[in-house]
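> Protein chains in written order, with the numbering used here: chain Z, -6 to 254; chain H, 548 to 969.
One or more hints might be untrue.
Stated by the list, open to error - Looking from chain H toward chain Z, a few residues come up when the C-beta cut is under 8 Å (computed):
hint, residue
1, Ser661
2, Ala668
3, Val721
Said to hold, decoys possible - Residues from chain H that keep clear of chain Z, each with C-beta distances beyond 10 Å, as calculated:
hint, residue
4, Tyr617
5, Arg620
6, Arg706
7, Pro725
8, Gly729
9, Leu735
10, Leu746
11, Ala794
12, Pro804
13, Asn845
14, Tyr955
To be clear, the hints were calculated from the coordinates, so they are not data collected in a lab.
Quick reminder that beta carbons are idealized off the backbone N, C-alpha and C, glycines included.
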Amino acid sequence: MSRGSLRAPSRLRFAISLALLGSFYSPLPAHAQSAREIIDLVDQLMRGESSTARITMDIRTENWDRSLTLRTWSLGADYSLIRVETPQREAGMATLMAGQEVWNYLPRVDRTIKVPSSMMAGSWMGSHFSNDDLVKESRLVDDFSIEIAFNGEREGTEVWEFVLTPLPEAPVVWGKIRYQVRKEDFMPTWTRYYDESDEIVRTMIFSEFRVMGSRLVPSVMTMVPADKPGETTVIRYHELDFDVDLDEDFFSLRNLRRESR
Amino acid sequence: MDDRWIWWRLAWRNLWRNRRRTFITASALAFGYLASVTMIGLWRGMLSEMIETGTNLVTGQLQIHAPDYYPERSMYATLGGREGIDVDELLRLTRDIPGIVAASPRVYGGGLVSSGSETVAGLFVGVDPDLEVEVTRLLQTPAEGRAPRAGEREILIGRGMANVLDVGPGAEVVLVVPASDGSLGNDLYRVSGVFETGLVALDGSFGILPIGSLQELMALPENRIHEVAAAVEDPFSAAALGDSLAAALGASGLDYPVLPRPWTVFRAELAEYASLAGAVNAIVVGIIFIMAVFGVANTMLLGTFERRREFAVVRALGTQPGNVALTVVYEGFILGVVALAAGALISVPVLYWLHNYPPDLSAMFGDFTMSGTVVRPVLRAEYSVDGPVISAVALLLTSILSALYPAYRAVKIMPADALADI
């Protein structure tokens, strides 16, 4: 990405950061901020209070490749709705996340099914994301103790690398998460997930940072499972809007069915 | 007179000097034999029942998979890989192996079953209903309703699942299964019936549907299956049959690899239990006959003491001590043979009765579960060759062993002392 294209977002980032951080943001060198504050800021930059998006999900596996076009709505960390637009055969399928629950709407049989807890670790629509990934998208600062593991330059970019260790009571399946964030614009570059025995399980790579919905975001996210070489799920944002007008009623079972007609 | 037999004849006559005592001793041995044979028979009966119920419920006694199917059981690891196979040909070749009585194709899938607001995880087995009944009995007599019919979108579910979903025969349920093309297969199915095995894992999560119907749901073509399950005549030969099946399939020119798995592999705990039971058998038979050894030795010892003076006389007349000892040992051996004949005579009707009219203790105990297998408490004895043979050998050894010490005592008798004792 060229310097020029980063200009606008860079300014924008300042504005947003200031707004979000309020009084505790200061022009001190970055390492003076606590690790928690940085992660919290990144978290909020990435999510926003509410959002809608149109994305494509390209899934590549050993046995098949496929591409889904999805429309998504989200509100806070607790509510989101995903609707399949293409392929035609699956158009109208929808998934609602409300709190810790996941519901699927199946237009073919016109039924809504709650995903039982035993299946939450299962794949969402064949992708390398699980139903749990959709639900447990809680604020990182609530579930992890966070330390800076690296602070300096990597591949020509000033970055922080954080190590996130789950708090004793946190409902988290990971043993550890490593998270690298660019200092210049608080953009994450990758997240590595480890299991209890410190083996890497998967890597999420963030790329193609663009301004969407008047925020700088990584417009492409690539999930790479460690145990399945060659398999990936790539999420690409085509449209993204933040702070849209949505309330909790939108994320109802009734709406899950109705909107898909 | 042939001298060779003189010691045998002496032994024989000695045996009948005290008929009552001999009768009682022989009876003890004969009943020991009966106990031993019956117990081995009952153990075998229980084992075969366990193996049978443990394998003919869903697994069959022998399975054939693609080599990479286990342990992951990936839905893509079908026989013959992506291209699939000629299913009918494989079934025919399998059935042609002597000792294999039936074979049935299967497809497996995991997903969800939903009715109303309830959803449970399910393990789906796609079967050919007509062939499956020859291999397993899950489809044979559902507790409610009937088995699913080929070509219909029907499913037979377990009692546990039916209770959670609150459905019965005739109800509609939604099945959701990840399909082989990455999509989420989903469709409406009618519950054809409900089965009840008493095994929580089975009743709570198994769903059986016609194979074509599951293949359609999972976007698998008809020639892609995960397993052929076979029933064999003698469960103890399943492992050997698996090997000969693999060899026969290889020789018949199949161009894809297969891996047979006998029940001793996928129900290893049953196989282990069977061999453990064999060891327990040996110990109990040992105990029965060790008890007999002391009883018989005691009687024979009494007999030799009674005949102290006779032994002294024959010794004084020049008989070799070894021959005196032999008479006593022969006596024990003959006692053993007589007891064996009597034991066999009483064992035959008892075994016949236990085999053909086994007492059913269900009324007292009800069914119970052992190693994940429902066992009926029916005392059915299984015929076997090794049971009677092992018991017979043990009995004869017992009678000879128990004569050794009395024989030793007989040899130790000092003719002069014994005769002076008058």
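> Does each hint hold? Answer for all of them.
We went through each hint and held it up to the structure:
1. Interface hint at Ser661(H): satisfied, since its Cβ lies 4 Å from the closest Cβ of chain Z, which is below the 8 Å cut-off.
2. Hint status for Ala668(H): holds, given a least beta-carbon distance of 5 Å to chain Z, under 8 Å.
3. For Val721(H), the interface hint holds, the least distance from its beta-carbon to any beta-carbon of chain Z being 5 Å, beneath 8 Å.
4. Listed as outside the interface, Tyr617(H) is consistent with that label: its C-beta sits roughly 18 Å from the nearest C-beta of chain Z, beyond the 10 Å cut-off.
5. Chain Z leaves Arg620(H) outside its interface by the beta-carbon criterion, the shortest separation being 14 Å against a cut-off of 10 Å.
6. The beta carbon of Arg706(H) is kept farther than 10 Å from every beta carbon of chain Z, the shortest such distance being approximately 18 Å.
7. Here Pro725(H) does not stay apart from chain Z, with its beta-carbon only about 6 Å from theirs, under the 10 Å limit.
8. The non-interface label for Gly729(H) is inconsistent with chain Z: the shortest C-beta to C-beta separation is roughly 4 Å, within 10 Å.
9. At the 10 Å boundary, the C-beta of Leu735(H) falls inside the reach of chain Z, the nearest C-beta of that chain being 5 Å off.
10. Every CB of chain Z lies more than 10 Å from the CB of Leu746(H), the least distance being 18 Å, so the non-interface label holds.
11. Distance check on Ala794(H): its Cβ is at least 31 Å (rounded) from any Cβ of chain Z, clearing the 10 Å threshold; non-interface status holds.
12. Every C-beta of chain Z lies more than 10 Å from that of Pro804(H), the closest at about 19 Å, which supports listing it as non-interface.
13. The claim that Asn845(H) lies off the interface holds: its Cβ sits roughly 66 Å from the closest Cβ of chain Z, which is beyond the 10 Å cut-off.
14. With a cut of 10 Å on Cβ distances, Tyr955(H) stays outside the contact zone with chain Z, its closest approach being about 67 Å.
Checked against the numbered hints given earlier, this structure breaks hints 7, 8, 9; the rest are met.
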